[in-house]
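Participant: Sequence:
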Amino acid sequence: MQDITKRWVDFAKEDLKAAEALIIAPESFRSYQLSVLHCHQAVEKILKAVLVEQGKEVLKIHDLARLALLTEMKLPHEHDDFIRELDPHYTPPRYPDLPSRGRSFHYNEPAARSYLERTKQLFVWIEQQLISSQS
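Quick note, the sequence shown lines up with residues 1462 to 1596 if you use the working numbering.
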């Protein structure tokens, strides 16, 4: 794995840590919606790590489905579905004044924990793809 790829992966791991910390933090610091945002960021950054490793351009976009498509990885169905489910969660925690476009997200502890667990599963799968591409 290239050095720059490792840096992207490490950068993504920081978002995973933040996502977990925001769930278990004392109530005054807890934020379930920001936890889900960090899940999105972790997936975005590890997908960009794959693009870097493949020698492809890293677009400055936040569209997880598009990034996954650009990597040309054969994602298992459950990971592909999860990416599409997580994708729209980038904007609401960042811009509270945007129209919902028919979507309404309610962030709570069970939802945040579910997103975190599935993010970790996807993260491990992508890391394994990066490692196995070295063989």
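What the hints contain is simulated information worked out from the structure, not anything from laboratory work. Any given hint could be a false lead.
As the list claims (entries may be wrong) - Within a straight-line C-alpha distance of at most 30 Å, the following computed DSS-like cross-link-like pairs (lysine-lysine) qualify: (1) K1535 / K1478; (2) K1467 / K1478; (3) K1581 / K1478; (4) K1474 / K1521; (5) K1474 / K1517; (6) K1474 / K1535; (7) K1467 / K1535; (8) K1535 / K1521; (9) K1467 / K1581; (10) K1521 / K1467; (11) K1521 / K1478; (12) K1521 / K1581; (13) K1535 / K1581; (14) K1535 / K1517; (15) K1474 / K1581; (16) K1478 / K1517; (17) K1517 / K1581; (18) K1517 / K1467.
From a predicted model like this one, the values you see are computed outputs, not experimental measurements.
Participant: Find the hints from earlier in the document that the structure breaks and name them by number, from lowest to highest.
Facilitator: No numbers; nothing is violated.
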